[in-house]
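Residue numbers (our numbering), protein chains in the order written: chain Z, 1075 to 1190; chain D, 421 to 531.
By construction, these hints were calculated from the structure, which means they are not laboratory data. Being a predicted model, the structure only gives us computed values, none of them experimental. C-beta atoms are modelled at their ideal positions from N, C-alpha and C, and glycine is treated no differently. Some hints here could point you the wrong way.
Unchecked claim - Partial list, computed: chain D residues near chain Z (C-beta under 8 Å):
1. Leu431
2. Gln453
3. Gly522
As the list claims (entries may be wrong) - The calculated label-pair distances, taken between Cβ atoms and stated as ranges, are:
4. D/Gly513 to Z/Ile1127: 39 to 47 Å
5. Z/Ala1171 to D/Gly473: 20 to 28 Å
6. Z/Ser1094 to D/Glu514: 30 to 38 Å
7. Z/Ser1132 to D/Glu514: 13 to 21 Å
8. D/Tyr442 to Z/Pro1143: 38 to 46 Å
As the list claims (entries may be wrong) - Each computed DMTMM-like pair below joins lysine to aspartate or glutamate, with the alpha-carbon atoms no more than 20 Å apart:
9. Z/Lys1154 to Z/Glu1096
10. D/Lys477 to Z/Asp1176
11. D/Lys476 to Z/Asp1176
12. D/Lys490 to Z/Asp1176
Read off the chains here:
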Amino acid sequence: SQTIHQWPATLVQPVGSPLSLECTVEGTSNPNLYWYRQAAGRGLQLLFYSVGIGQISSEVPQNLSASRPQDRQFILSSKKLLLSDSGFYLCAWGRGARAFIDTEAFFGQGTRLTVV
Amino acid sequence: TQLLEQSPQFLSIQEGENLTVYCNSSSVFSSLQWYRQEPGEGPVLLVTVVTGGEVKKLKRLTFQFGDARKDSSLHITAAQPGDTGLYLCAGAGEYGNKLVFGAGTILRVKS
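Given these sequences and hints, build the entire structure.
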């Protein structure tokens, strides 16, 4: 069976510090990978998605970047965090070219990031 | 950019009441998915609708996809406290590999 791991679960970082959030998927190959950010009790904003190693699409201009060094690894980074980067970050994966027509998005447990 | 407008943003009702959540857009979607999310966890899929006019039922939940595939609704009959949570609609673009989410509806069912 497929599983998705995301860590850490919570993170408190000072303004100006770097960030690295990691997401890994097990039990599948060549997944589509996604990073979303969610404000408290609200919808999800798509930040980045990747259809293959080294292929990253950015959805919104921001202080963050993403990388996919391995097929089932997706990393969200920042060189210098801003207060506005606080939020709930969710990694997700989808299967195949018609991922959200034929199946669903599978989400990790999320990382609660607080920038202080 | 495809956008999904979801309403209402917040709903507080008594156990046994019915409710409907709406998801609207000016864009056509290849599919429309509904997710439910508990605090501190990732969303979990409830249903996917693909065909215009499609209606799907899951026990007390009824999902409908508009004929033009631009809008959808979620209807809950005889709501229960266990239905409490954040409900999210999400639309898949032309190629089906990217999901755009609505702003969510926070549902609270009081006993």
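Cross-check of the supplied hints:
Taking 8 Å as the C-beta contact cut-off toward chain Z, the hint placing D/Leu431 at the interface is violated, the least distance being around 12 Å. The beta carbon of D/Gln453 is positioned within 8 Å of a beta carbon in chain Z (closest approach about 6 Å), and the interface hint is therefore held. With a least beta-carbon distance of about 5 Å to chain Z, the hint placing D/Gly522 at the interface is held under the 8 Å criterion. A C-beta distance of roughly 22 Å is found between D/Gly513 and Z/Ile1127, which places it outside the suggested range of 39 to 47 Å.
Range check, Z/Ala1171 to D/Gly473: about 25 Å between beta-carbon atoms, so the 20 to 28 Å window is met. Take Z/Ser1094 and D/Glu514: their Cβ atoms lie about 33 Å apart, and the range 30 to 38 Å holds. Here the CB-CB span from Z/Ser1132 to D/Glu514 is close to 19 Å, well matched to the stated 13 to 21 Å. With their beta carbons about 41 Å apart, D/Tyr442 and Z/Pro1143 fall inside the hinted range of 38 to 46 Å.
At roughly 17 Å between alpha-carbon atoms, Z/Lys1154 and Z/Glu1096 fall within 20 Å of each other, so this suggested pair holds. Taken as a hint, the D/Lys477 and Z/Asp1176 pair is honoured in the structure, with Cα atoms around 18 Å apart against an allowance of 20 Å. Restraint check for D/Lys476 and Z/Asp1176: the C-alpha separation of about 15 Å stays at or below 20 Å, so the hint holds. At most 20 Å may separate the alpha-carbon atoms for a hinted pair to count; D/Lys490 and Z/Asp1176 meet this at roughly 18 Å.
Hints 1 and 4 from the earlier list are contradicted by this structure; the remaining hints agree with it.
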